[in-house]
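Undergrad: If you're matching them up, the sequences are chains A and B in order. Under our numbering, think of the first position of the first sequence as 54, with each following residue one higher. Under our numbering, think of the first position of the second sequence as 51, with each following residue one higher.
Please note: incorrect hints may appear among the correct ones.
Unchecked claim - Pair by pair, the computed Cβ-Cβ distance ranges are:
hint, chain 1, residue 1, chain 2, residue 2, range
1, B, R102, A, L104, 19 to 29 Å
2, A, Q64, B, F131, 38 to 48 Å
3, B, L278, A, V128, 22 to 32 Å
4, B, E149, A, V468, 29 to 39 Å
5, B, A192, A, L104, 35 to 45 Å
6, B, E148, A, V386, 38 to 48 Å
7, A, V386, B, A155, 41 to 51 Å
8, A, H70, B, E149, 20 to 30 Å
Said to hold, decoys possible - What the simulated footprint calls covered on chain B by chain A, stretch by stretch (three residues with Cβ under 8 Å from a Cβ of chain A suffice, anywhere in the stretch; the number is not a length):
hint, segment
9, 99-111
10, 123-131
11, 163-175
12, 273-283
13, 304-311
What the hints assert, rightly or not - Listing some non-contacts, in silico: residues in chain A with all C-beta distances to chain B over 10 Å:
hint, residue
14, F89
15, L228
16, L262
17, V291
18, D351
19, W352
20, L354
21, R484
22, L485
23, Y503
It should be emphasised that the hints constitute simulated quantities derived from the structure, not laboratory data. All C-beta atoms in this analysis are idealised placements derived from N, C-alpha and C, irrespective of residue type, glycine included.
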Amino acid sequence: MTPLFGKLFDQLDARLHVRADTRKSANKVFPSNWSFLLGEVALFSLVILVLTGIFLTFFYRPNVEAVTYTGSNPVFAGRTLPAAFESIVRLSSDINGGLLFRRLHRGASHLFIATIVLHMLRILLTGAFRKPRELNYFVGIGLLTLAFGAGFTGYSLPYDSLAGTGIRIAYSELLSLPLIGDRVAFWIFGGAFPTGDVIPRFFVLHVMLLPAALIGTVGLHLFMVYRQKHTQFPRVGVDGHQLVLGKPLWPLQFAESTTLFLWTGGLLAAAAVLIPWSDVALLGPYVPGEVGNNAQPDWFLFWLEGALRIFPPIEFGIPGTLIISGPFVAGVVLPGLIFTFLAFYPFLEKWLYKLEGEWHVLQNPLEIPLRAGVMLGVFSALLLLSAAATNDILSRMLGIPIEVMTWFFRITVIVAPIVLGLGIARYARRRLNRRQRHVPSTETEAQQRYIAA
Amino acid sequence: MSDREAEQTRPDLTIVSEETPPPSQANDALVLGSAIIAALAGVGFAVGLALRTSITVYGTALAIGLLALGFGIRRYFSDLFPDIEAVEPRHPEQQATEEPVSAIAPLQRRSLLRNALIGASGVFGLSLLSPVPSLGPAPGDALRTTDWRRGTRLVTTDGEPIRADNVASGGVATVWPEGSINNEISAVILVRVGDTEFKDPTNFDWVVNNELVAYSKVCTHAGCPVGLFRETDNALFCPCHQSTFDAVRGAIPTFGPTARALPQLPLGTDAEGFLIALGDFTEQVGPAYG
Ligand code: HEM
Ligand code: FES
Numbered sequence: 054m055t056p057l058f059g060k061l062f063d064q065l066d067a068r069l070h071v072r073a074d075t076r077k078s079a080n081k082v083f084p085s086n087w088s089f090l091l092g093e094v095a096l097f098s099l100v101i102l103v104l105t106g107i108f109l110t111f112f113y114r115p116n117v118e119a120v121t122y123t124g125s126n127p128v129f130a131g132r133t134l135p136a137a138f139e140s141i142v143r144l145s146s147d148i149n150g151g152l153l154f155r156r157l158h159r160g161a162s163h164l165f166i167a168t169i170v171l172h173m174l175r176i177l178l179t180g181a182f183r184k185p186r187e188l189n190y191f192v193g194i195g196l197l198t199l200a201f202g203a204g205f206t207g208y209s210l211p212y213d214s215l216a217g218t219g220i221r222i223a224y225s226e227l228l229s230l231p232l233i234g235d236r237v238a239f240w241i242f243g244g245a246f247p248t249g250d251v252i253p254r255f256f257v258l259h260v261m262l263l264p265a266a267l268i269g270t271v272g273l274h275l276f277m278v279y280r281q282k283h284t285q286f287p288r289v290g291v292d293g294h295q296l297v298l299g300k301p302l303w304p305l306q307f308a309e310s311t312t313l314f315l316w317t318g319g320l321l322a323a324a325a326v327l328i329p330w331s332d333v334a335l336l337g338p339y340v341p342g343e344v345g346n347n348a349q350p351d352w353f354l355f356w357l358e359g360a361l362r363i364f365p366p367i368e369f370g371i372p373g374t375l376i377i378s379g380p381f382v383a384g385v386v387l388p389g390l391i392f393t394f395l396a397f398y399p400f401l402e403k404w405l406y407k408l409e410g411e412w413h414v415l416q417n418p419l420e421i422p423l424r425a426g427v428m429l430g431v432f433s434a435l436l437l438l439s440a441a442a443t444n445d446i447l448s449r450m451l452g453i454p455i456e457v458m459t460w461f462f463r464i465t466v467i468v469a470p471i472v473l474g475l476g477i478a479r480y481a482r483r484r485l486n487r488r489q490r491h492v493p494s495t496e497t498e499a500q501q502r503y504i505a506a
Numbered sequence: 051m052s053d054r055e056a057e058q059t060r061p062d063l064t065i066v067s068e069e070t071p072p073p074s075q076a077n078d079a080l081v082l083g084s085a086i087i088a089a090l091a092g093v094g095f096a097v098g099l100a101l102r103t104s105i106t107v108y109g110t111a112l113a114i115g116l117l118a119l120g121f122g123i124r125r126y127f128s129d130l131f132p133d134i135e136a137v138e139p140r141h142p143e144q145q146a147t148e149e150p151v152s153a154i155a156p157l158q159r160r161s162l163l164r165n166a167l168i169g170a171s172g173v174f175g176l177s178l179l180s181p182v183p184s185l186g187p188a189p190g191d192a193l194r195t196t197d198w199r200r201g202t203r204l205v206t207t208d209g210e211p212i213r214a215d216n217v218a219s220g221g222v223a224t225v226w227p228e229g230s231i232n233n234e235i236s237a238v239i240l241v242r243v244g245d246t247e248f249k250d251p252t253n254f255d256w257v258v259n260n261e262l263v264a265y266s267k268v269c270t271h272a273g274c275p276v277g278l279f280r281e282t283d284n285a286l287f288c289p290c291h292q293s294t295f296d297a298v299r300g301a302i303p304t305f306g307p308t309a310r311a312l313p314q315l316p317l318g319t320d321a322e323g324f325l326i327a328l329g330d331f332t333e334q335v336g337p338a339y340g
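Hey, can you work out the whole structure from these sequences and the hints?
TA: This is how it looks when you write it as structure tokens:
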């Protein structure tokens with residue numbers, strides 16, 4: 054600690070009495086493992102999103118009134134465009150540094166969601182969701198939902214042709230809700246698509262409500278991590294149930310996190326130079342009745358897009374009131390079931406293996422057959438659904454008719470996850486049986502087993 | 051510093067392992083080097099931006115600056131401080147104490163009062179949802195009707211009316227009701243099929259010159275514009291989820307996720323030979339709604 058900092062701190066302490074608490078926090082121990090950095094990178098991406106988003110907000114125009122673009126972009130010069138799209142063209146072509154900020158923002162949004170998903174996968178595979186962390190696991194599911202919301206509204210704001218198509222499909226999904234669909238869709242969109250209200254409303258969601266909710270919820274998430282302390286991987290000679298082993302926050306954990314933050318920014322800047330994310334000039338503004346050939350959402354919604362594509366044609370009930378349609382089942386029921394299932398998975402495991410007490414030491418998923426099977430099953434299904442979202446491209450590339458491609462996915466999406474899930478669960482079961490073991494129901498038992506091995 | 055002194059300055063940290071880095075000139079050089087690079091990159095970023103160079107120039111400077119700074123800080127800290135691993139107790143499974151959360155206990159009163167207040171709060175809370183309908187108009191007929199009326203001319207996106215003999219064979223065109231261009235739900239795709247016969251369930255009364263037929267362009271699956279036409283088998287194709295419709299058989303779906311045909315527009319011609327609608331669609335346009 055430098056003398057100047059020490060003096061300033063003395064002054065602060067004389068007024069607020071923070072020395073003891075600060076020291077306690079500085080001594081807080083962080084277990085180190087690369088997979089623990091995923092959540093951190095997600096946090097840093099959020100910081101970068103907020104910073105770059107503020108710059109974009111100064112220039113973005115949240116409405117769809119027709120305006121004439123008078124800037125220097127040769128493709129759009131003199132053309133009449135929706136104001137939102139026009140402001141994005143101006144940001145990209147006329148505002149010095151605007152393109153850099155746009156690409157940083159776009160890149161950070163991809164990294165944000167990618168690291169959240171991987172972070173969640175780490176939590177699920179190693180069992181960091183068990184008591185006492187179930188509550189924070191729920192908070193995490195909430196964060197994932199908010200991040201998807203921020204990603205989707207952000208994707209819509211430029212009002213390019215892909216954005217318009219995405220908004221139209223979201224509107225149709227709302228319409229598909231039985232009994233209340235038309236009302237809900239009209240409430241959210243302010244009338245029949247494409248209203249002038251949707252962009253201003255998405256803008257408020259994207260720059261105000263969702264960021265505020267994200268920041269608040271992340272705060273809660275981190276507070277809980279701080280209170281409950283990290284889980285850690287097992288280590289010989291350390292009773293991980295009673296103790297947490299790692300580096301104190303100050304100085305080295307602090308230094309590592311600072312470096313990670315700067316490198317996240319550095320890599321995003323490098324990506325902004327190399328990858329022309331979100332080049333709206335290629336797409337053109339949204340025009341009702343027009344759509345490009347490869348209509349696709351952002352990658353993190355591919356699984357939903359795939360489900361919409363391969364779901365069989367069904368529609369029954371009373372049109373205009375109680376109707377059950379393909380888009381409802383594939384686009385509303387299915388994601389609802391997957392999210393609900395993942396949210397309550399911790400309780401399934403606890404019930405099946407009669408788990409007792411608290412759990413702080415992480416496990417190899419192969420030690421728990423249910424977990425190995427469920428995770429491989431669910432995530433392989435999500436990956437296959439995502440692949441199905443490219444069935445038109447695959448069909449063209451491989452020269453296979455689209456009908457065959459679609460049937461291939463219809464079958465594999467169901468069969469492969471079941472086969473893989475049951476297969477790995479069986480393998481895990483046998484692995485336990487070979488050593489004459491069952492799944493431990495307390496952490497003490499799990500610890501003894503680890504020490505014996 | 052001896053071990054005992056260390057214990058004294060860190061009484062609240064239980065150290066498991068401690069490694070003191072030896073002074074290293076190489077490390078000093080790395081820290082200094084990255085500091086210089088970071089500073090130069092910072093200048094490069096600012097100047098590059100001020101001179102309106104390209105994203106390649108100032109973006110690269112920004113990337114290099116951040117990476118170098120990160121690297122330097124890491125090297126600096128690992129030279130300045132010993133690498134310490136410590137343990138902290140977790141305090142798991144704290145026994146719940148019998149003590150109530152608040153020190154002030156309530157007196158005995160009738161539970162009716164409490165229940166009345168809880169009920170009232172619930173009712174009142176629900177009533178706060180009443181502004182929700184203000185968010186948008188009631189759907190009314192908006193999803194059931196389009197802007198097509200008897201006698202409405204078909205016009206292109208540029209507003210040109212269309213003569214029946216003016217549509218290229220094997221071609222499609224996006225058309226709108228005159229006066230309602232870009233009214234999404236009214237979008238229509240006009241198809242002139244090649245040498246084929248129309249078949250059921252096409253409404254033959256709405257086919258002009260035995261070759262022109264018009265369907266709603268709003269996909270009955272999730273509402274994308276059905277924009278593509280395959281001449282070989284007269285298939286209309288939706289690029290969003292690949293629903294395929296047969297344009298000579300009343301646009302019934304032949305493949306893909308949609309369950310319903312594209313509604314056929316009652317099509318005719320007026321006295322001057324321009325294409326007109328003979329009325330609104332008779333079936334529901336666009337995706338299913340509840
Ligand atoms: C406080 C946080 C945020 C602010 C103030 C903000 C602000 C903005 C603004 C004004 C735009 C429109 C300009 C443009 O498209 O370039 C935008 C676009 C976008 N935002 Fe955000 N945003 C924030 C957080 C997020 C988050 C958390 C995500 C995703 C997880 C996200 C993803 C996107 C995407 C994908 C776009 C479209 C980018 C493009 O096409 O350029 N944003 N944001
Ligand atoms: S919207 Fe046309 S196939 Fe889905």
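Undergrad: For each hint, tell me whether it holds in the structure or not.
TA: The hints, checked one at a time:
The hinted range of 19 to 29 Å is satisfied by R102 of chain B and L104 of chain A, whose Cβ atoms lie roughly 22 Å apart. Checked against the hint of 38 to 48 Å, the C-beta distance between Q64 of chain A and F131 of chain B comes to roughly 25 Å, which is inconsistent with it. A beta carbon spacing of about 24 Å between L278 of chain B and V128 of chain A agrees with the range 22 to 32 Å that was offered as a hint. Remark: the range hint 29 to 39 Å for E149 of chain B to V468 of chain A is contradicted by a beta-carbon distance near 57 Å.
Look at A192 of chain B against L104 of chain A: about 42 Å separates their beta carbons, and that is inside 35 to 45 Å. Our hint of 38 to 48 Å for E148 of chain B and V386 of chain A holds, since their Cβ atoms are close to 46 Å apart. Checked against the hint of 41 to 51 Å, the pair V386 of chain A and A155 of chain B passes, with Cβ atoms roughly 48 Å apart. Between H70 of chain A and E149 of chain B the CB atoms are about 27 Å apart, so this pair conforms to the stated range of 20 to 30 Å.
Counting residues of the segment 99-111 of chain B whose beta carbon lies closer than 8 Å to any beta carbon of chain A gives 7, which reaches the threshold of three, so the coverage claim holds. For the segment 123-131 of chain B, the stated coverage by chain A holds: 7 residues have a C-beta nearer than 8 Å to a C-beta of that chain, and at least 3 were required. With 0 residues bearing a CB less than 8 Å from a CB of chain A, the segment 163-175 of chain B misses the requirement of three and the coverage assertion fails. With 5 residues carrying a beta carbon less than 8 Å from a beta carbon of chain A, the segment 273-283 of chain B meets the three-residue requirement, and the given coverage holds.
Coverage of the segment 304-311 of chain B by chain A holds in this model, with 6 residues showing a Cβ closer than 8 Å to a Cβ of that chain against a need of three. The beta carbon of F89 of chain A sits about 15 Å from the closest Cβ of chain B, which is more than 10 Å, so the claim that it is off the interface holds. At roughly 4 Å, the least C-beta separation between L228 of chain A and chain B is not larger than 10 Å, which violates its mark as non-interface. Interface exclusion of L262 of chain A from chain B stands, the closest Cβ pair being 14 Å apart, more than 10 Å.
Against the 10 Å criterion, V291 of chain A falls within the reach of chain B, whose nearest CB is about 7 Å from its own CB. Remark: the non-interface label on D351 of chain A is consistent with the geometry, its nearest Cβ contact in chain B lying 15 Å away (cut-off 10 Å). At roughly 17 Å from the closest C-beta of chain B, the C-beta of W352 of chain A stays outside 10 Å, upholding its exclusion from the interface. Here L354 of chain A stays apart from chain B, with its beta-carbon at least about 13 Å from theirs, past the 10 Å limit.
Non-interface call for R484 of chain A relative to chain B: holds, since the shortest CB-CB distance, roughly 29 Å, exceeds 10 Å. Remark: the non-interface label on L485 of chain A is consistent with the geometry, its nearest Cβ contact in chain B lying 26 Å away (cut-off 10 Å). Distance check on Y503 of chain A: its Cβ is at least 17 Å (rounded) from any Cβ of chain B, clearing the 10 Å threshold; non-interface status holds.
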